[in-house]
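**Q** Protein chains in written order, with this note's numbering: chain A, 6 to 259; chain B, 631 to 887; chain C, 13 to 138.
Each hint should be verified, as a subset may be incorrect.
Unchecked claim - What follows is a list of derived Cβ distance ranges for each label pair:
| no. | chain 1 | residue 1 | chain 2 | residue 2 | range |
| --- | --- | --- | --- | --- | --- |
| 1 | B | Ala655 | C | Ala56 | 22 to 32 angstroms |
| 2 | B | Ala655 | C | Glu32 | 40 to 50 angstroms |
| 3 | C | Leu105 | B | Gly721 | 30 to 40 angstroms |
| 4 | A | Gly230 | C | His93 | 50 to 60 angstroms |
| 5 | A | Val235 | B | Tyr882 | 29 to 39 angstroms |
| 6 | A | Asp64 | B | Lys680 | 31 to 41 angstroms |
Simulated from the structure, these hints should not be mistaken for lab results.
Beta carbons are placed, not taken as given, at the ideal position from N, Cα and C, and that holds for glycine.
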Amino acid sequence: MLENLQTLILALADDELFMGHRHAEWIGLGPILEEDIAFASIAQDETGHAQAYYQILTDLGLSTPDEWAFHREPKAFRSAHLVELPNFDYDYAIALMRHFLYDAAEKVRLQALTQSSYEPLALLAKRLQSEEKYHWLHARTWIERLGRSTEEAHHRLLAARDLLWPYAWALFEPLPNEPEMVEAGWIPPSSTQQQEWVSLIQPILEPIGLWKAPPTEAELTHCLGARHGVRSPYFDELYAEFTEVSASEPNADW
Amino acid sequence: MDYPGAKLPPQARPMAKVQDEVGHAQLLYSAAETLGKPREAMINDLLSGKSKYSNIFNYPAKTWADTAVIAWLVDAGAIINQTTNAKGSYGPYVRALERICWEESFHLKYGYDSVVYLATGTPRQRAMLQDALNRWWRPLMHFFGPPDTQSVHTEKLVRWKVKLATNDEMRQQFLDMYVPKIWELGLTIPDPILHKDPETGKWVYTDPNWEEFWQVINGNGPCNKERLAVRRFAEENGRWVREALRPKNAHYVTPLA
Amino acid sequence: MTSLDPRIRRAEPHLSQITEVHLEPLNHWPTYEVFVQRTRGGHAQHVGSLHAPDPDLALVMAKEQYARRSQCVALWVVPTHAILWTSAEDEDLFQPATDKSYREPQGYLNSRERLEKYRDRLKPIS
């Protein structure tokens, strides 16, 4: 049971950890000061969420959040590939589209977790919803506007959508031993969450010409395996940078 | 966040500090804009090299210890600078500075905390910290500007009560507040004659090379080109976003003071 | 350019190709004035301005720039151009030219004195 709980929580936490890290790469480089500031808050929020999830495991007598974050082998991570992807070309369309697809999934995920039979998760999910409310407001406000603006913006968003599409759907790859987690009442099935996610994003993307059919199995394959320890090709460079300071003196406090 | 056991994650602290600095830019541009100059014009001046900015930003942050030293001592210098200016009379500027000083005091505490971790850490961490301090000492001594005898604008600005302390006065204040704290950490300062004269109560220090200061201020420091190149990149890279959402038929109005 | 910052290195070669940038007017959007209500029942207070393309994004961005730490229960944004204001030159508009203490409590300090005098006149002559 503990192993399943660890899997579930690491999937949630690792997604937040690297999403926060990728968003943070925009600090100082955003398209305008005001948005730079707003996006930086979202980055910090995600990092804080990761910490809070890891803390649940710490409270059960397992490793500390720093140990989870900085001292694991790649295959011990459970992050979706979507959050490991770099900020390609510093294209803000990719940043916003990823943020939109990811935070829609967060909204669904958190709502489901508030009903979890595992109380620490339910309590934490309830707390995180207030920040997630802002993330969703921010994401949908931007996408709805940019999607209706210029041809260039629409073109970039379309290209971003094409790039990110299979990765976004792969957010809902079933977790190892998921049926046991569902049975225990911890979370609803990933497939159910995915349906809710679709019904959240389709009405927004369709009117602005940014919706398309789900990815085929062939398109999905290279995005899968994340929840079982398969990392994306981008992970090594990401993690090397992430751990640059901590790795320089492994047993030190910073 | 009072979730049991949760502490602010280490990565979030520098994020919050850098975010604040971007926020300070926004606040100060907004305050300046109330005087009638649009933000675009100010940014154009910066990118063309016409506006000057503090020397301290033209040096590289080579290690984690650099970021700790910067967060502690550069922000300490900034607080001394800004606290004196915050007593001035222009409302929007004063309002911006009040908030900036408050946030800088978080940076200072965070910086000092990071420095203490390094100073009380492994030999390698202590060495990293000492090395960073050695490299940042001279820029810090330059930070408050040239000596009063050489500073062109000071007399006028002091007379108009825009600047409430001279460069040397602020430098003395900085040394008085922070040299003892640096020594308390067991660090050395790369100035063999640095000491407080018991009779005058003033700090005696080796006059830093002011030629370097003028070079850096005028665009020839280690990082000037990079700093401006990054700003140009950020502006140009984000242009499509700003243009996409710019309202048609908008007209410019000076923001309210 | 080889920056120490990997984020900057990753922005190459595009970054070094940008040599001149000029922002035309309104490139950074028009401005909105921001008001923060700190507590329920409190007054919304002007805290500054920001650049935004429309009211919704103004609100979204104002939240983080003006309320990420501050105690805040509500936020207002108003396009700067929607606000009309009097200028410093017209400060005298607010100065009365004649004594208008008749509309202040302190304009009525003599009632008691008048009453005392009247009562004194009424006292029987012994």
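**Q** Hints first: check each against the structure and report whether it holds.
**A** Here is how each hint holds up against the structure:
A hinted range of 22 to 32 angstroms for the beta carbons of Ala655 of chain B and Ala56 of chain C is consistent with their spacing of about 25 angstroms. Distance hint for Ala655 of chain B and Glu32 of chain C: a CB-CB separation of about 21 angstroms, inconsistent with the stated range 40 to 50 angstroms. Distance hint check: the CB atoms of Leu105 of chain C and Gly721 of chain B are about 20 angstroms apart, inconsistent with the given range 30 to 40 angstroms. With their beta carbons about 54 angstroms apart, Gly230 of chain A and His93 of chain C fall inside the hinted range of 50 to 60 angstroms.
Our hint of 29 to 39 angstroms for Val235 of chain A and Tyr882 of chain B is violated, since their Cβ atoms are close to 53 angstroms apart. Between Asp64 of chain A and Lys680 of chain B the beta carbons are some 56 angstroms apart, a value that contradicts the proposed interval 31 to 41 angstroms.
In terms of the numbered hints stated before, the structure departs from hints 2, 3, 5, 6, listed from lowest to highest.
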